[in-house]
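Modelling step: build the complete structure from the supplied sequences, incorporating the hints.
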Amino acid sequence: MNNCLPIARSAAVAVLSVLFVMSISAAAQTLPAKDQQERKVTVVPSQEKKFIANILDDQRAIWTAPFHWRRSDAKWIAPLGLSTLALVASDRSTSSELVEHGDNLTRLRFSKDISRFGSLYSTAGVAGALYLTGRMKHNDRLRETGLLGAEALIDSTIVSSTLKFASQRQRPFADHSSGEFFDGGGSFPSGHATSAWSLATVIAEEYGRHRPLVQLGAYGLATAVSISRYTGRNHFLSDVLVGSALGYGVGRYVYHKRHDLALDALNETERKGNFVQSKLFPRVAPLYIPRAHVYGGMLAWNF
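In terms of our numbering, the sequence shown has 78 at position 78, counting the first letter as 1, and numbering is strictly consecutive.
The reader is advised that the hints may include incorrect statements.
[Said to hold, decoys possible] Straight line, CA to CA, 20 Å or less: simulated SDA-like cross-link-like pairs of lysine to any residue:
no., residue 1, residue 2
1, LYS49, HIS138
2, LYS137, VAL126
3, LYS112, VAL126
4, LYS49, ASP260
[Stated by the list, open to error] Cβ pair distances, simulated, as ranges:
no., residue 1, residue 2, range
5, ALA166, ARG70, 20 to 30 Å
6, PRO79, ASN139, 37 to 47 Å
7, SER119, GLY208, 20 to 30 Å
8, LYS49, PHE110, 41 to 51 Å
9, ARG70, PHE110, 41 to 51 Å
10, PRO66, LYS137, 40 to 50 Å
11, SER161, GLY217, 25 to 35 Å
12, ALA174, LYS49, 40 to 50 Å
13, PRO66, THR106, 34 to 44 Å
14, ALA262, LEU105, 44 to 54 Å
15, LYS49, LYS112, 37 to 47 Å
Since the hints were derived computationally from the structure, they do not count as laboratory data. Heads up, the beta-carbon is just placed ideally off N, CA and C, and yes, glycines get one too.
See the structure below:
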């Protein structure tokens, strides 16, 4: 009976957090159908001027998202909620498994190296590099990717930090992996997973439609960072799951809220032009010389 109360309390906190996190994703699901139809094509640089105002608007939408649930959201909120409950209940045993098999120094070192890609310093550096490169090369999509990536990182960091402060869950290395909530810790949710998935989602949404390898690489690296936080004994599996879901939800919300629709039309035009003028497909033009009565065609490749 004494052990049931902490587990029930932990499960309650986890479920409330998951419902909150998933409501953010629910808001992201509704935006493409409603908000984007109302928005007119905007000029990308204007988003820089409204950067702080956009973050404040995001936070208002994020924290009020639970009041906008729809019945249809249950079909994907329920599975994630049940998965989180199962992980919270088994966190102690799954974390202990790593200890029982020995804290292999190679595994810990490798996990630490991978998790660096999900730190706020690394993800913010990537977002900044994308933005600056886009400005220097006059690439509006690349510039937007960096700008929206930075916005998603700030939004998700505020939310994850608030949840950490509220839950105060112990880290796996404390008290034999008890995973107690409200005990002065900062384990729930995983901040590295949140940051990695926030930026990865923006990148994947920007480029994934016509460049599936970019989407695969972004989500693959975010997944590797999330797993490394568990194998490195920095977080429990439930911390990683909720952090990943939070990052995905915020990243998707920011992209669909701020994305410049004009870039999609431009990208489609460039894609068709590149197809015609690529090295694999020549340009075809008719050839006619009236005086010589010559008829024919011309093929031209660009190298």
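Hints, verified against the model:
no.	hint	result
1	LYS49 <-> HIS138	18 Å, holds
2	LYS137 <-> VAL126	16 Å, holds
3	LYS112 <-> VAL126	19 Å, holds
4	LYS49 <-> ASP260	15 Å, holds
5	ALA166 <-> ARG70: 20 to 30 Å	26 Å, holds
6	PRO79 <-> ASN139: 37 to 47 Å	39 Å, holds
7	SER119 <-> GLY208: 20 to 30 Å	24 Å, holds
8	LYS49 <-> PHE110: 41 to 51 Å	43 Å, holds
9	ARG70 <-> PHE110: 41 to 51 Å	42 Å, holds
10	PRO66 <-> LYS137: 40 to 50 Å	41 Å, holds
11	SER161 <-> GLY217: 25 to 35 Å	28 Å, holds
12	ALA174 <-> LYS49: 40 to 50 Å	45 Å, holds
13	PRO66 <-> THR106: 34 to 44 Å	43 Å, holds
14	ALA262 <-> LEU105: 44 to 54 Å	52 Å, holds
15	LYS49 <-> LYS112: 37 to 47 Å	39 Å, holds
Hint violations for this structure: none, all hints satisfied.
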